[in-house]
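Below, each chain spelled out in residue letters.
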Amino acid sequence: MVKKTECLAMLLAGGQGSRLGILTKNIAKPAVPYGGKYRIIDFPLSNCINSGIETVGVLTQYQPLELNDYIGNGQPWDLDRSYGGVHVLSPYQQIKGTEWYKGTANAIYQNINFIDRYNPEYVAVLSGDHIYKMDYNKMLRFHKEKNAACTIAMLEVPWEEASRFGLMFVDDDGSITAFEEKPKNPKSNKASMGVYIFTWSKLRQYLIDDEADPESHNDFGHNVIPAMHNNGERMFAYKFDGYWKDVGTIDSLWEANLDLLNPKVDLDLSDDSWRIYSRNPVAPPHFTDKNAKVENSMIGEGCYIAGEVDYSILFSNVNIEEGATVKYSIIMPGTTVKKGAVVEYAIVAENAVIDEGAHVGESPEAIANLDDWGVTVIGEKVTIGKGAEVKAKEMIDTDIEGVK
Amino acid sequence: MYASNVLGIVYSNAYDEYLSELTSVRTMGSVPFAGRYRLIDFVLSNMVNSGIGKVGVSTKANYQSLMDHLGSGKPWDLSRKRDGLTFLPPFNTTYTDGYIGRLAALKGIIEYISKSDKDYVLLADCNVVCNLDYTRIIDGHIASGADITIAYKRGIAPKLHNTMSFELDGETITSVSVGEATENACNYSLNIIVLSRTLLLQLIREAAALGYKSFERDIIAAKAGALKIRGQKIDSYAKTIDSLQSYYDISMQLLSGEYRDLFAAEKPVYTKERDDMPAIYGVCSNASSSLVSDGCIIKGTVENSILSRGVYVAEGAVVKNSIIMQDCYISANAKVNCAILDKNVVIKPAREISGAETYPIYVGKNITV
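Quick mapping for you: the protein sequence lines, in order, are chains G and A. Read in order, the letters of the first sequence correspond to residues 21 to 424 in our numbering. Read in order, the letters of the second sequence correspond to residues 398 to 766 in our numbering.
FYI, nobody ran anything at the bench for these hints, they're computed from the structure. Do not take every clue at face value.
What the hints assert, rightly or not - Using 30 Å as the maximum straight-line C-alpha spacing, the simulated DSSO-like pairs for lysine-lysine come out as follows: (1) G/LYS310 to A/LYS740; (2) G/LYS153 to A/LYS669; (3) G/LYS358 to G/LYS284; (4) A/LYS664 to G/LYS310; (5) A/LYS669 to G/LYS359; (6) G/LYS284 to A/LYS745; (7) G/LYS310 to A/LYS696; (8) A/LYS745 to G/LYS347; (9) G/LYS153 to A/LYS515; (10) G/LYS347 to A/LYS696; (11) A/LYS717 to G/LYS310; (12) A/LYS664 to G/LYS358; (13) G/LYS359 to A/LYS664; (14) A/LYS745 to G/LYS358; (15) G/LYS284 to A/LYS610.
Here the structure is a predicted model, which means the values were calculated and not measured.
Produce the entire structure from the sequences given, and follow the hints as far as they go.
Below, the structure is given as structure tokens:
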């Protein structure tokens, strides 16, 4: 008899995040940098360890190299354990052939053996691309109290945004009565956060049944959850009321970063009781030179700032030279903004160079039709030449020559 | 090239008494420096970056904070099955009477040294701040066939009671004087010493038998002719802390650009992780000519100062020419000038504390002003 694990987490981290464009050209979405030193996946991983979940399977598929490297043995999250800990689970070859993860449910199905090794009572299925701080243990207690087969974390979203989400209708006791997937005219504003807790014995059977159904897309939202619902399983919604953001698009990634600078937003990363752990850069404190001006910003280790930084997030080892201006922007590790260059309303990926006098991005006020405005994105290792201009909404992944 | 065959020995308590304010609750090795670091980080990182994989840290007293900082040695990649970091607390036998100097310390860890399988030993102190590739010293030592190699710098010698200064003929040290501080430039020791393990053991045993007290006087100075002692000149950044004033001055000089000499990208300095968030600046905040660590929240003004992790500078507060250690809280409209605030100091709203550049004010750990 193996040691029993109460709750194990399966983290879905295989998504490409195609709407993030060039930012996910070489990395999976959960590995996208966020908040000056973190990557998106630090949030669910830290939530796990802070909630006392010590066995985590990370399901990877798209561009896993950087993500695998980042997770490593799980030491930054205290997930390097002799029993349990973090395991990166990629699709593998089997007697019947090699199969990619066809859908979220299939990804878990293919790893039933992994889960069975730990013989858990409950399995949490998490998504690797949301920014939030949540105690899964409280949700597990709720799940047990309700004697549920499945508990879905639920967030009340503003009505005008409700049509972007999978919605639920919930009774007073928390039981889910109906689902609605991204409807045009929403009648509920209770959205699913993509955080599930299942009683493993139940889920295990539904996964096997789902796999046997050739019509199924093998997806949790489309197939497994409706199947459980139709069979009258006990399904409950667990209300969450903290900060939660899906960083699926360029604009939402940009916003979610700048949310950290807004004191009204309920996402405190300095909270000792719920630390977000990450692989820390090895760099000295950041240095602000004598003419530097820094306001309303988050600055990572190893940065050198001689210019002006306002309302921006600078990751580690970013150089802002004298006379350069950075506003309303996210600058990822190792990037240099040279003398007199301006970066505004932009996301600049790792190790890029914005040469002297270049101008990246435009403010919404500078554009006549607001529909034409959007955040500008510069890809990793791209050089924007001297004096070159990059307009709003553009996405640049090759070098741009300077203007004479 | 030979660094993997070298045992590193670090004296964490060396010269504690010269920095008595900061070392009343900790060792010299755990004195905070350059924001997020402790002095021992520089020695350990130098060793690891040079390829030394076995390090013993010798301690005498006040070593709780040091133990907490070093842990298993993981941040320096010294948590290993083979070699790695060994913490060497004082061994209370009759002949380790009080750890007066280097000799007593070495005598206390003779077991550890004699059990090592390395052929060479590198000794270093924590009060010397440098980012130095020790391989040059080690390889130079082995190539020259010298008995002992000591790294030295040319300049005004630090005012420590046993500072060695050298006369040299080429690389050979011909005479050694100990503790004779002058205001003239001389060749003074950085106390980075390389020698073979056999010779070190022989010297420790001899010293014990003959009752020697001082490594510097009774061994190095006395044997300067009999043994071939070699000097290795260091021209790069290396500063010796010999007082609170020099601790302050060396820190402030980092801000005039010297931090670039201390932190080179190819020679990273490792330290214990704290998983703080990046520093946050608020509305109307500013920091100029300053080193600011992660976890700081700055809503006021910071000028020409070093802020360690987790420092809070509230609205309207002004911090100038100061060293602020971990988790200090500077309340609204307070003013701090030319001060060294130890960990967890709280400055209440609108209070002012001010020292002078030549006499910085020190505020002890956990004090509320």
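When the structure is checked against the list of hints, which entries are broken? Sort them ascending.
The structure conflicts with hints 3, 5, 8, 9, 14, 15, although it agrees with all the remaining ones.
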